[in-house]
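Using the hints, put the two chains back together into the complex; each one sits in its own frame.
Taken in order, these protein sequences are the chains called A and B.
Here the first sequence is numbered in our numbering, starting from 1 and rising by one per residue.
Here the second sequence is numbered in our numbering, starting from 119 and rising by one per residue.
Hints listed in this document are in silico derivations from the structure and should not be mistaken for laboratory results.
Worth double-checking, as some hints may not be accurate.
What the hints assert, rightly or not - DSS-like cross-link-like pairs, simulated, lysine-lysine; straight-line CA separation at most 30 angstroms:
# : chain 1 : residue 1 : chain 2 : residue 2
1 : B       : K342      : A       : K38
2 : B       : K150      : B       : K237
3 : A       : K76       : B       : K237
4 : A       : K76       : B       : K151
5 : B       : K342      : B       : K150
6 : A       : K25       : A       : K12
What the hints assert, rightly or not - For the chain B half of the interface with chain A, some residues (derived, Cβ under 7 angstroms), not all of them:
#  : residue
7  : N128
8  : V131
9  : E135
10 : Q197
11 : G199
12 : F204
13 : G334
14 : L412
Even glycine gets a Cβ: it sits at the ideal position worked out from N, Cα and C.
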Amino acid sequence: MIAENTQIQMRKGILEYCVLSIISKGEIYASDIIAELKRAELLVVEGTLYPLLTRLKNNGLLSYSWKESTSGPPRKYYQITEEGLHVLHRLDETWKELVYAVETSVAGRNKPNEEQPQ
Amino acid sequence: MNKTIIININSIVFHIEEEAYEVLRSYMIDIKKHFAKTQDSEEILMDIENRIAEMFSEKIQQGKKEVISLEDVHHVIEQMGTVNDFDIEAEETTSQEHRYDSQASAAFHKKLMRNPDDKILGGVCSGLGAYFGLEAKWVRIIFLCFFFFAGTGFMLYAVLWVVMPLAVTRADKLAMKGEMPNLQNFKKSFEEELQSLDPHLSKAKSEIAKGTSFCGNFICKLGKLFAQVIGIAVLIFCAMTILGLLIGCVGFITGVLGYQNEMVFPGTEALPTYQAILALVAGTLAIAIPFAALLHIMLRLLFKTKPMNTYVSLGLWATWITSVIAVIFFSLMGAQEYKESSTIKVEKELAVSAALSFFRKRC
Numbered sequence: 001m002i003a004e005n006t007q008i009q010m011r012k013g014i015l016e017y018c019v020l021s022i023i024s025k026g027e028i029y030a031s032d033i034i035a036e037l038k039r040a041e042l043l044v045v046e047g048t049l050y051p052l053l054t055r056l057k058n059n060g061l062l063s064y065s066w067k068e069s070t071s072g073p074p075r076k077y078y079q080i081t082e083e084g085l086h087v088l089h090r091l092d093e094t095w096k097e098l099v100y101a102v103e104t105s106v107a108g109r110n111k112p113n114e115e116q117p118q
Numbered sequence: 119m120n121k122t123i124i125i126n127i128n129s130i131v132f133h134i135e136e137e138a139y140e141v142l143r144s145y146m147i148d149i150k151k152h153f154a155k156t157q158d159s160e161e162i163l164m165d166i167e168n169r170i171a172e173m174f175s176e177k178i179q180q181g182k183k184e185v186i187s188l189e190d191v192h193h194v195i196e197q198m199g200t201v202n203d204f205d206i207e208a209e210e211t212t213s214q215e216h217r218y219d220s221q222a223s224a225a226f227h228k229k230l231m232r233n234p235d236d237k238i239l240g241g242v243c244s245g246l247g248a249y250f251g252l253e254a255k256w257v258r259i260i261f262l263c264f265f266f267f268a269g270t271g272f273m274l275y276a277v278l279w280v281v282m283p284l285a286v287t288r289a290d291k292l293a294m295k296g297e298m299p300n301l302q303n304f305k306k307s308f309e310e311e312l313q314s315l316d317p318h319l320s321k322a323k324s325e326i327a328k329g330t331s332f333c334g335n336f337i338c339k340l341g342k343l344f345a346q347v348i349g350i351a352v353l354i355f356c357a358m359t360i361l362g363l364l365i366g367c368v369g370f371i372t373g374v375l376g377y378q379n380e381m382v383f384p385g386t387e388a389l390p391t392y393q394a395i396l397a398l399v400a401g402t403l404a405i406a407i408p409f410a411a412l413l414h415i416m417l418r419l420l421f422k423t424k425p426m427n428t429y430v431s432l433g434l435w436a437t438w439i440t441s442v443i444a445v446i447f448f449s450l451m452g453a454q455e456y457k458e459s460s461t462i463k464v465e466k467e468l469a470v471s472a473a474l475s476f477f478r479k480r481c
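Next comes chain B alone, as it looks inside the complex (with noise of 0.2 angstroms):
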């Protein structure tokens, strides 16, 4: 059972799965963004938008169906090209510039997706590779590494698996490999200066320019991966948290259950069992919910993974708040059992008389 959407492409309704819209829709915003630039960009994507109803229409009466799925929308973006395929052919570029500056950045926005070309599980490992410039085998060598730190390789894999999207298309297969034609800007402009320069050089400019975008592109890489290093080691640093307080949760559940275990959260003890059970559920979920958010956020910025679905993450800040507000209720509660008022009165016989003699001597 799925749920379905209604659109309406230039005023023909069509009723579309959700998981169809969803790319349907950031396929169209990648578009308008291509022409956005370019002059009567309205009637290009008009008529795209057009041909892309009547694609969808042909579908519906061949096929018999009331919906179009997932498999029709990536049939029909297959057929229309992505923004790549646009960039590679034959694009409608105002200027020179533009069309490097495009080219600079398809390259920078290398995209990490499963391979589907060379896998033995799901393609994560190649794809990896893909994205790091590195061989397949020895990602896989790392992962098998890692499965043996209790099975954090396997968490890992797994977590890839669903976040990676698979490479379908020749341009996402294009973008999954990369090309690295950055620098164009940089060279271009470089080379500019020198022909201003005494010809000459000419010999020396093509030695310099190939020096300089070797460094250049060097340095870039190593800025590059030197952020991804830190990013990666912040995902797993979630990752581990969030591991760490679910066992912690665990752990002291069987405490408060009263399971022979040494783990025992300071103030439980206090409550009755079953609040003391929702008090540590929602303490693990205020803290753990913050740490999913970061590792979210980390896997978007390294791997360029789909934004977050708004239903789930509304659910996950009203959960948030929720268990924010119940650590609240439930430290308050405990806190209560600890209030007992008590008074210690002790009474003192000073030797006084002696040293108040003492003083009426000195006086």
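Isolated chain A, as found in the complex (with noise of 0.2 angstroms):
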């Protein structure tokens, strides 16, 4: 249960940054974005998609606009704001602050143990 508990607050972080880096790129669809999410392994499904987008844009980290579609109603489309990008920013410091600390960390942690199995 705690291994599952920590797993989901990995992913959940990682997955704001991950949406965050997606719309920076320019103008999407949510469902482009799960897309994009899937080519990147990371799994989840629309539904847990739009409580995070409704809340970053709440948050002035994002806006929208409506555009026509071709099939079905017309589409929100996301746009990273400038408040979004700083945003962004200080999370991909974050980030690598992150990376470091796991890196550092992680390194040379198997070794001991294939000497020493327990």
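See below:
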């Protein structure tokens, strides 16, 4: 259970970072974000994305515009805002720090285990 | 030939099969419940509805058809993910406690479903096994044993096959197996309480926590098992009663028709044949329908099956009321036959004179 909680927490943070990054590349539609995430092998269902997008939008990190669609109702296209870009840059830095922290902590972890298997 | 329903999602009109509509409706209700506590639930729901509308439009254009089928709805739900998927991945919760709540309730709502991954006939046994935490082979053996009791096992199996839905999506299968992180709240508050105590207790704490969660789990499971056993007993009782009533009804009808048998329902001989048959059928229905209702309720409670179709339940009500009225009518008819007035007059000469002379003497 603890492992699962930690996994959820880890994924949660990373999902936001990934979604922001994907949107920062240009205007994008929600189901295309899903496609990008699938390509990145970060498995989510569409239902998880909408609450996240709404929250990011309400915090001023995203904006959206309605566009006509050939199939079905008009679509919401998301776009990153100035503030969103600012947050994304800060996240980039944090991510680098995290990668460094994890790499340093993980480095050499397997060695002693191999020598002294429990 | 299927009946279709016209729905409108964000002012786009779709024709949808009745069965598919039921599934979609319960899915949307689940989602609404899930997001009810979060902020901006309206906007999120609107986004989801919009997307569903779009996916339906795509289906209609691609398939060159006019009606949304059950398959389409399942496909959309798979892509959108069920509420359980939202819980697992990254959910929007207002507080930590809420998450514990929803996880506990998700575990509590372990669903009884047919398991398509491990099946011999319909996957009923392995689904039951997953539900009760037994290995599928034991459930199969139990069913096989019941087959020899006048085919009870067969009847039960057939009913369960119809009633239990097939676990299709990943979330369905998870729900079928049911994670057991219940008592999270209990354990959490217990640990918080202990943290305020002496740090030396930390080792004991973990041991006690382990013990309590085990005991709690055990008691909880035992209680549930007990309730389920009673439920199943009622279920079997109802099924047997209905079966008995049917057999009795057939027996009495053959009796009325004049076949050689010992079964004659008292009073039916007073009625003409066709009325007697009607009376017997009405009587059987009047008793069997409440038992069938009880059976249905138990099935719903135990296995969280779908509610009954409104038309079916209304039809059953009407049938029941009609049969009760018919029973009363035929009883009165039968009673009429016995209504014969007769008087018996008996005159007896009493030896009065001796007694009178005795009293006179005393006076």
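Evaluation of the provided hints:
1. B/K342 x A/K38: violated (40 angstroms)
2. B/K150 x B/K237: violated (34 angstroms)
3. A/K76 x B/K237: Given that 30 angstroms is the threshold and the Cα spacing comes to 44 angstroms, the pair is violated.
4. A/K76 x B/K151: Roughly 24 angstroms between the alpha carbons, so the hint for A/K76 and B/K151 holds.
5. B/K342 x B/K150: Given pair B/K342, B/K150 holds - Cα atoms ~29 angstroms apart, limit 30 angstroms.
6. A/K25 x A/K12: At roughly 21 angstroms apart (the allowed maximum being 30 angstroms), A/K12 and A/K25 satisfy the hint.
7. N128: Result: holds, 6 angstroms to nearest chain A Cβ.
8. V131: This hint is violated: B/V131 lies away from chain A, its Cβ roughly 12 angstroms from the closest one there, beyond 7 angstroms.
9. E135: With a minimum Cβ separation of about 19 angstroms from chain A (threshold 7 angstroms), the hint on B/E135 is violated.
10. Q197: Holds, because the Cβ-Cβ distance from B/Q197 to chain A comes to roughly 6 angstroms (cut-off 7 angstroms).
11. G199: holds (2 angstroms)
12. F204: For B/F204, the interface hint holds, since the closest Cβ of chain A sits about 5 angstroms away, which is under 7 angstroms.
13. G334: At about 14 angstroms, which exceeds the 7 angstroms cut-off, the nearest Cβ of chain A leaves the hint on B/G334 violated.
14. L412: violated (37 angstroms)
Consistency with the previously given hints fails for numbers 1, 2, 3, 8, 9, 13 and 14, ordered from lowest to highest.
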